[in-house]
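Enquirer: Each chain, written out:
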Amino acid sequence: VSVIARNLEARGIATVMLALVREHVVAIKPPRALYVPFPFGLAVGRPGRVEEQRAVLRRAFSLLDASSGPVLDDYPDDEHPDDEHSDGSPLQASMVHSNGPSIDLATEVTLMRRYWEEQWMPVHGRTAIGLSGVAVPRLRAVVRYLENYVEGKVAAPLDGRDDVALFVRHCVDDLRSLYTEARLASHPAEHTDDRARWLWGDTALGQFLPMLSAHMASSTDGDTRAVAYGIAR
Amino acid sequence: MDRVPQLTRNLLLTRAVEVNQSTPWASAPVLAEATVALVTSAGVHRRDDHPFVVNDASYRVIASSAEAGDLLQSHSSLGFDRTAAIADINVTVPIDRLREMVADGTIGALGPHHYSFMGAQRDVAEIRDSTSIEVAERLCDERVDIALLTPT
Numbered sequence: 167v168s169v170i171a172r173n174l175e176a177r178g179i180a181t182v183m184l185a186l187v188r189e190h191v192v193a194i195k196p197p198r199a200l201y202v203p204f205p206f207g208l209a210v211g212r213p214g215r216v217e218e219q220r221a222v223l224r225r226a227f228s229l230l231d232a233s234s235g236p237v238l239d240d241y242p243d244d245e246h247p248d249d250e251h252s253d254g255s256p257l258q259a260s261m262v263h264s265n266g267p268s269i270d271l272a273t274e275v276t277l278m279r280r281y282w283e284e285q286w287m288p289v290h291g292r293t294a295i296g297l298s299g300v301a302v303p304r305l306r307a308v309v310r311y312l313e314n315y316v317e318g319k320v321a322a323p324l325d326g327r328d329d330v331a332l333f334v335r336h337c338v339d340d341l342r343s344l345y346t347e348a349r350l351a352s353h354p355a356e357h358t359d360d361r362a363r364w365l366w367g368d369t370a371l372g373q374f375l376p377m378l379s380a381h382m383a384s385s386t387d388g389d390t391r392a393v394a395y396g397i398a399r
Numbered sequence: 240m241d242r243v244p245q246l247t248r249n250l251l252l253t254r255a256v257e258v259n260q261s262t263p264w265a266s267a268p269v270l271a272e273a274t275v276a277l278v279t280s281a282g283v284h285r286r287d288d289h290p291f292v293v294n295d296a297s298y299r300v301i302a303s304s305a306e307a308g309d310l311l312q313s314h315s316s317l318g319f320d321r322t323a324a325i326a327d328i329n330v331t332v333p334i335d336r337l338r339e340m341v342a343d344g345t346i347g348a349l350g351p352h353h354y355s356f357m358g359a360q361r362d363v364a365e366i367r368d369s370t371s372i373e374v375a376e377r378l379c380d381e382r383v384d385i386a387l388l389t390p391t
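Protein chains in written order, with our numbering: chain A, 167 to 399; chain B, 240 to 391.
Bear in mind the hints are in silico, worked out from the structure with no lab data behind them. Do not take every clue at face value.
For lysine to aspartate or glutamate, the following DMTMM-like pairs were computed, each having C-alpha atoms within a straight-line distance of at most 20 Å [said to hold, decoys possible]: (1) A:LYS195 x B:GLU365; (2) A:LYS319 x A:ASP387; (3) A:LYS319 x A:ASP231; (4) A:LYS319 x A:ASP360; (5) A:LYS195 x B:ASP380; (6) A:LYS195 x A:ASP231; (7) A:LYS195 x B:ASP287; (8) A:LYS319 x A:ASP329; (9) A:LYS319 x A:GLU283; (10) A:LYS195 x B:ASP343.
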């Protein structure tokens, strides 16, 4: 966002940005940046920590008081939100030993859907599911689609779009969101690393996604190979 | 950054980024009287909008009145934990916090729209030379004084 900040500022809009990679800010020199020593994905603070998020934003906006720049401020390191979050990047599939799932993927998806319907939606009323365009009650059809895809039986996307690789990616994102929301509802205080160990080590989805990724990575199509990298590694 | 795995750190720190000697500077009005908009590289967009694709230089327009449930994130990277944003979109796109700051008088007003780009870009040339300039012009048209930018 540093390069965007410079363009906005050059057109008369004062900018203040949060930064997660200090070295890039030092090089690119956006007008006003607050370096936050937080994990990627948490620039404003931990989920649900309203006061912490407000404190970060107040400090960022306070940089507008400077009369010249560039201004690079450092948020205090002792307040970095790492207690229930990974210190760095999330655990990936290849870093977790798989215990083998106890049920098949379609049955597991139905089970997750039940947690999601009974425990996530009534409390939160919103969902990160929706990229595939396939409604939650039809996610079993998504599972069948993906299982066929891995076996080489490529069909048109269920959402009416024509990009198969992108549809596969969005199906995976929706399934992961379903599992994440179901798990957040049933294990709200779980450490993010433990949640990753559960997904990759204990679930049928965690077994399936590396297979799907490997299948896509062996494709002759560059776009399909690019999508593979974002599915599991 | 010292807590990021070596592989990710090497990838980020060896990425070619432009090195600038100077910085553009616009004077900021008093925050309590200013119109503020959010610009993010979190790859979020309206539920009914087109998802981002890998290395997508385009941007999405989000009404500043949008609620968390109106938004989806189609970010391509596995390098961050999406659980946090699923639990609370404000961790990276602080839409609720900004509305609260307007309500308590800290911020004058919000512009009509927030703007979203895809993060984890390998080549920012098109964003730098084209799409972010478009967004800057839109923000000027919308009489926005101050932009808050957030990364993933």
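Enquirer: Against this structure, judge whether each hint is valid.
Expert: Hints versus structure:
{"no.": "1", "hint": "A:LYS195 x B:GLU365", "in the structure": "19 Å, holds"}
{"no.": "2", "hint": "A:LYS319 x A:ASP387", "in the structure": "16 Å, holds"}
{"no.": "3", "hint": "A:LYS319 x A:ASP231", "in the structure": "60 Å, violated"}
{"no.": "4", "hint": "A:LYS319 x A:ASP360", "in the structure": "35 Å, violated"}
{"no.": "5", "hint": "A:LYS195 x B:ASP380", "in the structure": "26 Å, violated"}
{"no.": "6", "hint": "A:LYS195 x A:ASP231", "in the structure": "18 Å, holds"}
{"no.": "7", "hint": "A:LYS195 x B:ASP287", "in the structure": "35 Å, violated"}
{"no.": "8", "hint": "A:LYS319 x A:ASP329", "in the structure": "15 Å, holds"}
{"no.": "9", "hint": "A:LYS319 x A:GLU283", "in the structure": "31 Å, violated"}
{"no.": "10", "hint": "A:LYS195 x B:ASP343", "in the structure": "32 Å, violated"}
Checked against the numbered hints listed earlier, the structure breaks hints 3, 4, 5, 7, 9, 10; every other hint is satisfied.
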